[in-house]
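2 protein chains.
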Amino acid sequence: MADTRTPEPAAKPAARTPDTTRRSERSRRAIYDAALSLVGEVGYPKTTIEGIAARAGVGKQTIYRWWPSKAAVLLEAFLDLGERAAEAAGAGGDYEIPDTGDLAADLKTVLRATVDELVDPQYEAPSRALTAAGIVDPVLGAEFVEKLLEPSLQLYVKRLRAAQEAGDVRPDLDPRVALELLVAPLAHRWLLRTLPLTHAYADAVVDCALGGLTPR
Amino acid sequence: MADTRTPEPAAKPAARTPDTTRRSERSRRAIYDAALSLVGEVGYPKTTIEGIAARAGVGKQTIYRWWPSKAAVLLEAFLDLGERAAEAAGAGGDYEIPDTGDLAADLKTVLRATVDELVDPQYEAPSRALTAAGIVDPVLGAEFVEKLLEPSLQLYVKRLRAAQEAGDVRPDLDPRVALELLVAPLAHRWLLRTLPLTHAYADAVVDCALGGLTPR
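Residue numbers (our numbering), protein chains in the order written: chain A, 1 to 216; chain B, 1 to 216.
Keep in mind that a hint or two might mislead.
Same chains, same names: a pair is fine if it fits in one copy or spans any two.
In silico lysine to any residue, SDA-like type, Cα no more than 25 Å apart, as pairs [as the list claims (entries may be wrong)]:
no.: 1; residue 1: Lys108; residue 2: Arg170
no.: 2; residue 1: Lys46; residue 2: Pro171
no.: 3; residue 1: Lys158; residue 2: Leu192
no.: 4; residue 1: Lys60; residue 2: Ala89
no.: 5; residue 1: Lys158; residue 2: Pro196
no.: 6; residue 1: Lys60; residue 2: Ala125
no.: 7; residue 1: Lys60; residue 2: Gln164
no.: 8; residue 1: Lys108; residue 2: Thr194
no.: 9; residue 1: Lys108; residue 2: Arg26
no.: 10; residue 1: Lys60; residue 2: Ser152
no.: 11; residue 1: Lys108; residue 2: Gly82
no.: 12; residue 1: Lys60; residue 2: Val157
no.: 13; residue 1: Lys60; residue 2: Ala85
no.: 14; residue 1: Lys108; residue 2: Asp174
no.: 15; residue 1: Lys60; residue 2: Glu25
no.: 16; residue 1: Lys147; residue 2: Tyr201
no.: 17; residue 1: Lys60; residue 2: Asp207
no.: 18; residue 1: Lys158; residue 2: Leu195
no.: 19; residue 1: Lys147; residue 2: Arg112
no.: 20; residue 1: Lys46; residue 2: Ala125
no.: 21; residue 1: Lys108; residue 2: Asp207
no.: 22; residue 1: Lys46; residue 2: Ala142
no.: 23; residue 1: Lys147; residue 2: Thr214
no.: 24; residue 1: Lys147; residue 2: Leu81
no.: 25; residue 1: Lys46; residue 2: Tyr201
no.: 26; residue 1: Lys108; residue 2: Leu79
Source of the hints: derived by calculation from the structure; they are not laboratory data.
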């Protein structure tokens, strides 16, 4: 399967032997790791292409050849993390929300996993830095939403549509709106640090959203 | 009613005539306005006490005497905005979520007003800048939550408790958790700019949260 996002050196296509590919792959991952660690340490505004290049042990021209901006490097670094996680989970590079027929259980599974990802100390700082940068920079924010966020939200749309077909979700609801009652409370606690972000909270959000606030 | 947050000059208490008070009040508001406009224009990291003082037409020692940091100035600027809005609305400085007996209508009223505040072009930029700064700075974030966010969230706790007493909200729900299904989706759309933040969306969130996702 061709990975259309793999950066290709602009020059010397004839030299693209397996060895070169492995070297490129190593450089690409080194650049991602450097970008993630740097932005976690010094914040997004102070992270530079030069700094990423120095830490990754590549020339800055290598980065400029493959990516138009540091935002593009960081976004791809997070996309790559997601892919690696999916590969490690044996999902063949594609995440799906499980469909065991028990909607509450499936949503709790995925929201608990989301909690674990959000509080992972290895990635929390760069993830916060990128999100905060997107909040004040509409162009970066739009890229963040289009490439990283919306594809993951569409997994909820798919699962909620299946639940509607199974009669487990009200047919009049727009799944794209309904999913926000599930994911936004977790994002809110994570971003603003109002109260602890725990599995118990993920479960409470699912129960509250499915059952509704008014008595049955 | 004494406003305990009104900054008092440290020196010359004997000179505190009505004229001085008015001058202090004018300086205080000028400093708030300068802080809000500056952080909206250049962002939080590049906003300095010196810059705020210059724009407000006061000496920087005036600011240092009244506030310990630029974060403190900004937070009080937003608190002051809320107070001014409450005064203008004739609420005597205290906001409350209305209780007409119609929970859905009351929540739609307050969430529509929240939408209007969030997209107000005069304050959107500084509000985003302050929120983003708090996301990457835990100390500032905690101050933001304690002074600005949590007090407004407690208004929902109060209204939802009244609704529980009236039998309109399930008695087993924790209002502090339930309210997040109402406010977090709006914050999510506003911060991340996923989809339009409109009154229709506020209404949909209320209907979805009250009724729940599963069929009745």
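For this session: Enumerate the violated hints, using their earlier numbering and listing them in ascending order.
Result: 2, 4, 7, 9, 10, 12, 13, 17, 23 and 25
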